[in-house]
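There are 6 protein chains.
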Amino acid sequence: MTAPRLSHLDAAGHAVMVDVSAKPDTRREAVAHGHIKMRAETLGLILAAAMPKGDVLATARIAGIMAAKKTAELIPLCHPLAISSVKVELAPDRAGEGIDITARVRTTGPTGVEMEALTAASVAALTLYDMCKAVERDMEIGQIHVIHKSGGASGTYDRASGS
Amino acid sequence: MTAPRLSHLDAAGHAVMVDVSAKPDTRREAVAHGHIKMRAETLGLILAAAMPKGDVLATARIAGIMAAKKTAELIPLCHPLAISSVKVELAPDRAGEGIDITARVRTTGPTGVEMEALTAASVAALTLYDMCKAVERDMEIGQIHVIHKSGGASGTYDRASGS
Amino acid sequence: MTAPRLSHLDAAGHAVMVDVSAKPDTRREAVAHGHIKMRAETLGLILAAAMPKGDVLATARIAGIMAAKKTAELIPLCHPLAISSVKVELAPDRAGEGIDITARVRTTGPTGVEMEALTAASVAALTLYDMCKAVERDMEIGQIHVIHKSGGASGTYDRASGS
Amino acid sequence: MTAPRLSHLDAAGHAVMVDVSAKPDTRREAVAHGHIKMRAETLGLILAAAMPKGDVLATARIAGIMAAKKTAELIPLCHPLAISSVKVELAPDRAGEGIDITARVRTTGPTGVEMEALTAASVAALTLYDMCKAVERDMEIGQIHVIHKSGGASGTYDRASGS
Amino acid sequence: MTAPRLSHLDAAGHAVMVDVSAKPDTRREAVAHGHIKMRAETLGLILAAAMPKGDVLATARIAGIMAAKKTAELIPLCHPLAISSVKVELAPDRAGEGIDITARVRTTGPTGVEMEALTAASVAALTLYDMCKAVERDMEIGQIHVIHKSGGASGTYDRASGS
Amino acid sequence: MTAPRLSHLDAAGHAVMVDVSAKPDTRREAVAHGHIKMRAETLGLILAAAMPKGDVLATARIAGIMAAKKTAELIPLCHPLAISSVKVELAPDRAGEGIDITARVRTTGPTGVEMEALTAASVAALTLYDMCKAVERDMEIGQIHVIHKSGGASGTYDRASGS
Numbered sequence: 001m002t003a004p005r006l007s008h009l010d011a012a013g014h015a016v017m018v019d020v021s022a023k024p025d026t027r028r029e030a031v032a033h034g035h036i037k038m039r040a041e042t043l044g045l046i047l048a049a050a051m052p053k054g055d056v057l058a059t060a061r062i063a064g065i066m067a068a069k070k071t072a073e074l075i076p077l078c079h080p081l082a083i084s085s086v087k088v089e090l091a092p093d094r095a096g097e098g099i100d101i102t103a104r105v106r107t108t109g110p111t112g113v114e115m116e117a118l119t120a121a122s123v124a125a126l127t128l129y130d131m132c133k134a135v136e137r138d139m140e141i142g143q144i145h146v147i148h149k150s151g152g153a154s155g156t157y158d159r160a161s162g163s
Numbered sequence: 001m002t003a004p005r006l007s008h009l010d011a012a013g014h015a016v017m018v019d020v021s022a023k024p025d026t027r028r029e030a031v032a033h034g035h036i037k038m039r040a041e042t043l044g045l046i047l048a049a050a051m052p053k054g055d056v057l058a059t060a061r062i063a064g065i066m067a068a069k070k071t072a073e074l075i076p077l078c079h080p081l082a083i084s085s086v087k088v089e090l091a092p093d094r095a096g097e098g099i100d101i102t103a104r105v106r107t108t109g110p111t112g113v114e115m116e117a118l119t120a121a122s123v124a125a126l127t128l129y130d131m132c133k134a135v136e137r138d139m140e141i142g143q144i145h146v147i148h149k150s151g152g153a154s155g156t157y158d159r160a161s162g163s
Numbered sequence: 001m002t003a004p005r006l007s008h009l010d011a012a013g014h015a016v017m018v019d020v021s022a023k024p025d026t027r028r029e030a031v032a033h034g035h036i037k038m039r040a041e042t043l044g045l046i047l048a049a050a051m052p053k054g055d056v057l058a059t060a061r062i063a064g065i066m067a068a069k070k071t072a073e074l075i076p077l078c079h080p081l082a083i084s085s086v087k088v089e090l091a092p093d094r095a096g097e098g099i100d101i102t103a104r105v106r107t108t109g110p111t112g113v114e115m116e117a118l119t120a121a122s123v124a125a126l127t128l129y130d131m132c133k134a135v136e137r138d139m140e141i142g143q144i145h146v147i148h149k150s151g152g153a154s155g156t157y158d159r160a161s162g163s
Numbered sequence: 001m002t003a004p005r006l007s008h009l010d011a012a013g014h015a016v017m018v019d020v021s022a023k024p025d026t027r028r029e030a031v032a033h034g035h036i037k038m039r040a041e042t043l044g045l046i047l048a049a050a051m052p053k054g055d056v057l058a059t060a061r062i063a064g065i066m067a068a069k070k071t072a073e074l075i076p077l078c079h080p081l082a083i084s085s086v087k088v089e090l091a092p093d094r095a096g097e098g099i100d101i102t103a104r105v106r107t108t109g110p111t112g113v114e115m116e117a118l119t120a121a122s123v124a125a126l127t128l129y130d131m132c133k134a135v136e137r138d139m140e141i142g143q144i145h146v147i148h149k150s151g152g153a154s155g156t157y158d159r160a161s162g163s
Numbered sequence: 001m002t003a004p005r006l007s008h009l010d011a012a013g014h015a016v017m018v019d020v021s022a023k024p025d026t027r028r029e030a031v032a033h034g035h036i037k038m039r040a041e042t043l044g045l046i047l048a049a050a051m052p053k054g055d056v057l058a059t060a061r062i063a064g065i066m067a068a069k070k071t072a073e074l075i076p077l078c079h080p081l082a083i084s085s086v087k088v089e090l091a092p093d094r095a096g097e098g099i100d101i102t103a104r105v106r107t108t109g110p111t112g113v114e115m116e117a118l119t120a121a122s123v124a125a126l127t128l129y130d131m132c133k134a135v136e137r138d139m140e141i142g143q144i145h146v147i148h149k150s151g152g153a154s155g156t157y158d159r160a161s162g163s
Numbered sequence: 001m002t003a004p005r006l007s008h009l010d011a012a013g014h015a016v017m018v019d020v021s022a023k024p025d026t027r028r029e030a031v032a033h034g035h036i037k038m039r040a041e042t043l044g045l046i047l048a049a050a051m052p053k054g055d056v057l058a059t060a061r062i063a064g065i066m067a068a069k070k071t072a073e074l075i076p077l078c079h080p081l082a083i084s085s086v087k088v089e090l091a092p093d094r095a096g097e098g099i100d101i102t103a104r105v106r107t108t109g110p111t112g113v114e115m116e117a118l119t120a121a122s123v124a125a126l127t128l129y130d131m132c133k134a135v136e137r138d139m140e141i142g143q144i145h146v147i148h149k150s151g152g153a154s155g156t157y158d159r160a161s162g163s
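Chains as they are written, first to last, in my numbering: chain U, 1 to 163; chain G, 1 to 163; chain W, 1 to 163; chain C, 1 to 163; chain X, 1 to 163; chain Z, 1 to 163.
No wet-lab data here; the hints were simulated from the structure.
Hints may contain errors.
[To be verified] Below, a list of computed lysine-lysine pairs in the DSS-like style, where the Cα atoms sit at most 25 Å apart:
{"#": "1", "chain 1": "W", "residue 1": "Lys23", "chain 2": "U", "residue 2": "Lys70"}
{"#": "2", "chain 1": "C", "residue 1": "Lys23", "chain 2": "Z", "residue 2": "Lys37"}
{"#": "3", "chain 1": "Z", "residue 1": "Lys23", "chain 2": "Z", "residue 2": "Lys70"}
{"#": "4", "chain 1": "X", "residue 1": "Lys70", "chain 2": "X", "residue 2": "Lys23"}
{"#": "5", "chain 1": "G", "residue 1": "Lys70", "chain 2": "Z", "residue 2": "Lys23"}
All values reported here derive from a predicted model rather than from experimental measurement.
Work out the full structure: start from the sequences and follow the hints.
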């Protein structure tokens, strides 16, 4: 049995974009979560600004969608992918302490789209930070993880709840 | 006294890139923190791969530096900035549960560089996720916040320790 | 019968990149038209500059071709596409009042290339504006529309002549 | 007296990015207009979709703002500029036949921002086209011109009304 | 028999992105070589800096990989391609006068990847230049050529050795 | 006396974007040279294609100019710069064995523009390769070096002739 090793390094430890030319195209999906924590007053301002015609949540959704398309430009060893769909959802968390972000990405291709979903969630969170930073500097972005992944040889992954 | 409001929305609630044309150029710095949590075995692989000539940490550092330069492309209402320097540092955290990321950005200009520092930290974390995802899917990126900011009219900010 | 609705908004009115993962790859083509109106003297300068070795029309053609490849970066909800060919043609209009622009784009994929053709025509026109603006400020870009589209489930479209 | 010539071509007719290194930084502004024409029913759908929380106009505004920042990437001979502000406004036209677009851009620098304003207006129009194309294919983008420009050696320009 | 002509120009001599929509997807590979010449002392500094944990070669490798993904943005008439893998190798040359660069790129698609391999080699060389320019200004980049190409209708090409 | 070291690595050997925030803005210029070698017949085709209205040399010039603006995106540790001018000149070499490329870039800023000039020359050469590769595969890009640099604390550099 061989030990696990980092797939993005060759035998000499050098970074490589791993070869996916022998992998078939399959339909794939990944869903990532993220969160931005803020004071109740800051959250109140966002929700008020999201009232009729306010652009604050729309701006973050669009930034997340556009970032998903830029993933291979940002992450050095990611493969460029023809993304089939992206959806970014934002909602206040249950505790009233911030915004939950869910990014869902689909493709038909030889590699998965976890990185695209994680990038969309991260950039949506950064965009919320940017729009609220004049009001609060203590916000914190966190809980960025994959919650679901399907398609491809490695099968379906669902993050254990509570983890 | 006026209520605080989101500076990136105009009176109608529409997204705008706020006007900084009347603000003088000053020297500014921002430092952001980020973290990626992983199993001890995954962390061990990274640290082993970072051994002589291994590219894993270098790849994340460079991805963070290059992402800082892309901030205004990613965050819709960010101003383009002539960045003077970027440094991204990675180190195992004290608990042995992941990697701490520190991104320091400087500029001379009319706006601050928090978003550049936060973006560098986020993309460095995403790059580590990408390189380790074949080994562990449960990693989580978090603790992304500003720890220091100086320069400009709003003065120096240092995040309260422990927050 | 359901009312028509905007396909790029979900039921809540939120922007989404629509899911094309179930659509088959087919060969597709779109042709867009654009126009830039200018004074006869400005047009004369362009045509003189386009004389042997002058780069003015070549610059606009190349800008249009390169912009077609950037469409998914510019238009938030556009899908990235593997473009098979782009051709941008420029010719003085019949009235001698400007330049007619025709952009033809082909792909084999799950979505059409109207946006790529329209973007190529628009950026070719903007490039002509840029190169002539020191001579005339009153130029106007217009008549940007799709004149032909084929491939895909929605069939062939040809714009009614005279419209 | 010398004849006017195209400033972006050298004496041999070759494209060059003109030298602005001797020009001082001044505060500059440009405002551009654009228009997209559509059927009354399509316009009705947009306005309905822009109702509380609908993202359609927000998406076009943000696309226009982000495109302003990409101008020097799109227009081959444009200088990169540190944009100070961008605002994109969208409103139904008086005749009820489409949407009027106004893009206002400011900078402090050695060259003007007409191209940034025109690019913002064009890409906002293209984004509206993209979001409505499933409903109407006959839309036409037009009336893209500069309506105001100030700052720099060439003085203030205001487009003659009615032109 | 027709004379050879440049495939990227149409009959009028105008630049076009040639139509590949009728070409089938096949697995393709290209390998390019490049070289940067420098003084023995500069080479010594690089090799010392590449010692345990030094990022100098890693930075050039990653820059080359990321540049391969940007080829269609840089080369006006190149087709966008879904790259399957990229590997950039750097080694001191036999004469001790510089660094040899080898870039290997694979795809499954309708066109070859020579330009991607050549771009990766060129940008890796430019990155080495950048990192060493404070020490030596006389470095020279050269020997950039294709050494192997396979896949597609035109068959396998191997550069004659010694050429 | 300290030994020379690579300025883009910190004391630990990690890549950093060096801090230029204390350096004043000065007017700077750099000129780079490049060359592409080809068979006489290929050169003849280019020169014929460059005849009245042929776009081949214009495409390479424009690609070089646009690449200069992308330098900080391509070279990981390069600072973003407000380029004041770019000029790319192409001419058959004296021996009739290829094309000589000269790229001249100017800025007013805290760092030099050698990398911008070298990048412009490299991408112009790659673009010529792309347009001629269907005719000749054995072309070789070389002789990429800085021939002149002025401005900034390090003073004027002129490459020794014949080197």
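These are the hints, each one checked on the structure:
no. : hint                : verdict
1   : Lys23/W <-> Lys70/U : holds (23 Å)
2   : Lys23/C <-> Lys37/Z : violated (39 Å)
3   : Lys23/Z <-> Lys70/Z : holds (23 Å)
4   : Lys70/X <-> Lys23/X : holds (23 Å)
5   : Lys70/G <-> Lys23/Z : holds (23 Å)
When the structure is compared with the earlier hints, a violation turns up for hint 2 alone.
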